[in-house]
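Just so you know, the sequences run in chain order A and B. Using numbering that gives the first Met the number 0, you'd call the opening residue of the first sequence number 0 and step up by one each time. Using numbering that gives the first Met the number 0, you'd call the opening residue of the second sequence number 0 and step up by one each time.
Please keep in mind that the hints were generated in silico from the structure rather than gathered at the bench. Take the hints with a grain of salt, since some may be wrong.
With a Cα cut of at most 27 angstroms, we get these calculated BS3-like pairs of lysine-lysine [stated by the list, open to error]:
# : chain 1 : residue 1 : chain 2 : residue 2
1 : A       : K190      : A       : K132
2 : A       : K190      : A       : K96
3 : A       : K50       : B       : K8
4 : A       : K78       : A       : K161
5 : B       : K8        : A       : K42
6 : B       : K8        : A       : K77
7 : A       : K209      : A       : K78
8 : A       : K209      : A       : K134
9 : A       : K134      : A       : K161
Computed footprint of chain A on chain B; a stretch qualifies when at least three of its residues, placed anywhere within it, have a C-beta under 8 angstroms from a C-beta of chain A [unchecked claim]:
#  : stretch
10 : 12-21
11 : 24-33
12 : 36-44
13 : 48-54
All residues carry an ideal CB built from backbone N, CA and C; glycine is no exception.
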Amino acid sequence: MNPFEESVRAANSGGIPLVAWIVIVLSIVSIALILIILAKNPKNMSVPSGKWLLLIVFFILSPTVYLLNFSVAIEDSKKVDFCNSCHVMHGYVNDLKNPDSEYLASAHYQSRWIANDQCFTCHSDYGLFGNMKAKMTGIRHVWAYYTGYETPIKLYTTYNNKICLRCHAPTLAFQEEDMHIEYAEDILSSKTSCIGLDCHVRPHPVEAWKEQ
Amino acid sequence: MNNPGWTRKLVLIAGIFNIIALLTILLSIFNFTPLTLIISVSVGGALIGLSVLLYIIVVVTDLRERGVL
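Modelling step: build the complete structure from the supplied sequences, incorporating the hints.
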C-alpha cells in the first residue's frame, strides 16, 4: 500500500469509533457486575441490591450493548476492507487498487468517484429497504462462503441500472448523451444493461474470483 | 429470591448466557469479520433474549411467592 493510501485509510478509520468504545466499556461493566453478584457470593442474588443490579444488567445494559454493537456493525460492514476479509473477494479488491486496471469498478474506486464504501454503494439498492436487502444478501454470502458456493461467482439477478443512475442520471453529461436518450426507457427499466455490448466496460475482471 | 434452588440456578444460567453474549460482542468489536459479526448478532442476540426471559421467569416466581401477583 502506498503512503498516501495509507494516510487516507488512517484518516477514514480513525481507530475504534466512540460508539465501539461505549460498547466495550458497557460490556466490561456488565460482565463485572454479573461476576460480582453471581460468582463471588451467590447470596448476593437474594438481596434487593443484587436483584436490582441484575435487572439493570439484563434489561438495560446488555440490550443497549447489543443495539449499539448492531449500529457499529451496520456501518463497519459497508467498508471495502470488510468485503475483502473473505478470500474470495481478494481478486476483486486487488483489481480495485490496481493502477493498471481498466475495469469500471477500479476507475470508480481509484478516481474516488465514490468517496467511501465503494463495494456497498454499487451493490445495494435505493433507500432503507435497499440497505436491508444488501445486508440480508451479505448474510447469504457468508453462509455460502462457509458451506460452499458455485464458481464462477456471479450476481443472483441482472444488475439494476438504477444503482448507476442514482449518481449518473442527474448529470448533464449523462442526460445529453445520444445513446442514453435513444435507449432511455430500456436503461431505466434495466432491460438494457449499462455494462457490456458497446456501452461500458465490465466492472470486474471475469476471473477475479480465482485469485484468493 | 428466597425461593427454591431452581430460581437461583435460572439466574445463574441467565448470567452465564449474558456473559457469553457480551463476549461474542466484544469479539466482533476487536476482530471484525463476517463470521464474528454474524455470531455476535445472532448467537449474542439470542442469548441476551434468553437471559431476559429467564430473569422474567425468576421475577414472576418471586413476586408470586410474595403474593404480589
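Structure-based check of each hint:
no., hint, result
1, K190/A <-> K132/A, "holds, 21 angstroms"
2, K190/A <-> K96/A, "violated, 31 angstroms"
3, K50/A <-> K8/B, "holds, 14 angstroms"
4, K78/A <-> K161/A, "holds, 21 angstroms"
5, K8/B <-> K42/A, "holds, 12 angstroms"
6, K8/B <-> K77/A, "violated, 41 angstroms"
7, K209/A <-> K78/A, "holds, 22 angstroms"
8, K209/A <-> K134/A, "holds, 24 angstroms"
9, K134/A <-> K161/A, "holds, 18 angstroms"
10, 12-21, "holds (count 6)"
11, 24-33, "holds (count 7)"
12, 36-44, "holds (count 6)"
13, 48-54, "holds (count 3)"
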